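J.: Sequence:
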Amino acid sequence: MIEFPDSGTFATAFADGRFLAAAATAGTAGLVRGFSGFGGALIYMPLIAAIYEPRIAAVTLLLVDFLSSTPFAMFELRRCTWREVWPISIAMAVTVPLGTYLLVVLDPIVLRWIIAILVIGLVAILMSGWRYRGPSSLPITTGVGMIAGVGAGAAQIAGPPVILYWLSRGNNAVTLRANLMVFFLFCGVMLIAVYAAQGLFTARSIALSLMLGVPYIAGMGVGSYFFRGASDVLYRRVAYAICALAALLSLPMLDPILR
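Residue numbers 274 to 532, in the numbering used here, belong to the letters of the sequence shown in order.
Simulated from the structure, these hints should not be mistaken for laboratory data. Predicted model only: the values in this text are computed from it and were never measured. Treat the hints loosely; a few may be bogus.
[As the list claims (entries may be wrong)] Derived CB-CB ranges, DEER-like:
#: 1; residue 1: I275; residue 2: V487; range: 17 to 25 Å
#: 2; residue 1: G290; residue 2: A397; range: 28 to 36 Å
#: 3; residue 1: I275; residue 2: R356; range: 33 to 41 Å
#: 4; residue 1: L350; residue 2: P529; range: 42 to 50 Å
#: 5; residue 1: F348; residue 2: G290; range: 34 to 42 Å
#: 6; residue 1: L521; residue 2: I275; range: 29 to 37 Å
Just so it is clear, CB atoms sit at the ideal spot from N, CA and C, and this is done for glycine as well.
Build out the structure end to end from the sequences listed, making use of the hints.
T.: And the structure:
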């Protein structure tokens with residue numbers, strides 16, 4: 274069941290003192306997402322989960338990112354490598370319900386710690402330059418997709434395991450970005466179906482999605498514009514640095530200082 278917001282829901286969300294911080298976070302996440310093709314969730318999820326709570330963060334990111342990124346993803350359908358996208362996408366779809374179950378049942382503070390630690394760990398691995406050097410087989414591809422599905426359902430973080438795997442295939446920035454944009458498109462479709470079945474689309478979350486979508490879309494447009502002249506090294510370093518900072522600021526132990 275989906276609850277639709279009315280004018281009062283929008284007014285209450287806007288009057289909430291946390292909204293400006295959430296809007297700034299959404300704009301920054303959109304900027305990185307448009308620039309690199311990934312990283313938006315690594316910024317948005319830990320910070321919005323700290324500002325509101327993990328369920329609000331997951332639902333709003335899903336709606337905002339799906340609606341804003343779909344037009345960009347459509348242009349990448351011709352440039353992605355389908356033999357890499359299809360297997361991982363199918364495996365991801367299998368485990369999204371499991372990740373969504375964890376989102377529903379876990380304590381919000383516990384889930385915030387998990388999200389923050391997961392983001393910090395993944396960014397550290399990405400920044401270290403580590404790459405998977407083994408063979409590209411169907412079992413490994415399936416495993417990567419299933420891990421991504423759990424991360425997507427629980428924390429809207431599906432990209433890092435897929436990124437690590439695809440980087441080992443020697444793809445350049447353009448191909449990697451195209452693959453990721455199309456993968457996230459399929460991931461969004463699956464997540465919308467599962468979240469709707471779980472009743473996670475409330476009036477408040479939908480209202481916040483529409484409101485936070487404005488700065489997020491603006492950020493994506495700016496990021497996509499600057500991507501045109503960026504080098505592979507530059508676009509990764511910028512995304513990693515912002516993701517790491519977002520994860521550190523979202524740690525629950527900093528709540529007395531930042532909230």
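J.: Now tell me if each hint is right for this structure.
T.: Comparing the hints with the structure gives:
Range check, I275 to V487: about 21 Å between beta-carbon atoms, so the 17 to 25 Å window is met. Taking the beta carbon of each, G290 and A397 are about 33 Å apart, inside 28 to 36 Å as hinted. Distance hint check for I275 and R356: the Cβ-Cβ separation is about 36 Å, which falls inside the suggested range of 33 to 41 Å. In this structure, L350 and P529 meet the distance hint of 42 to 50 Å, their C-beta atoms being roughly 47 Å apart.
For F348 paired with G290, a C-beta distance near 38 Å keeps the hint of 34 to 42 Å intact. In this structure the supplied range 29 to 37 Å holds for L521 paired with I275, their Cβ-Cβ distance being about 35 Å.
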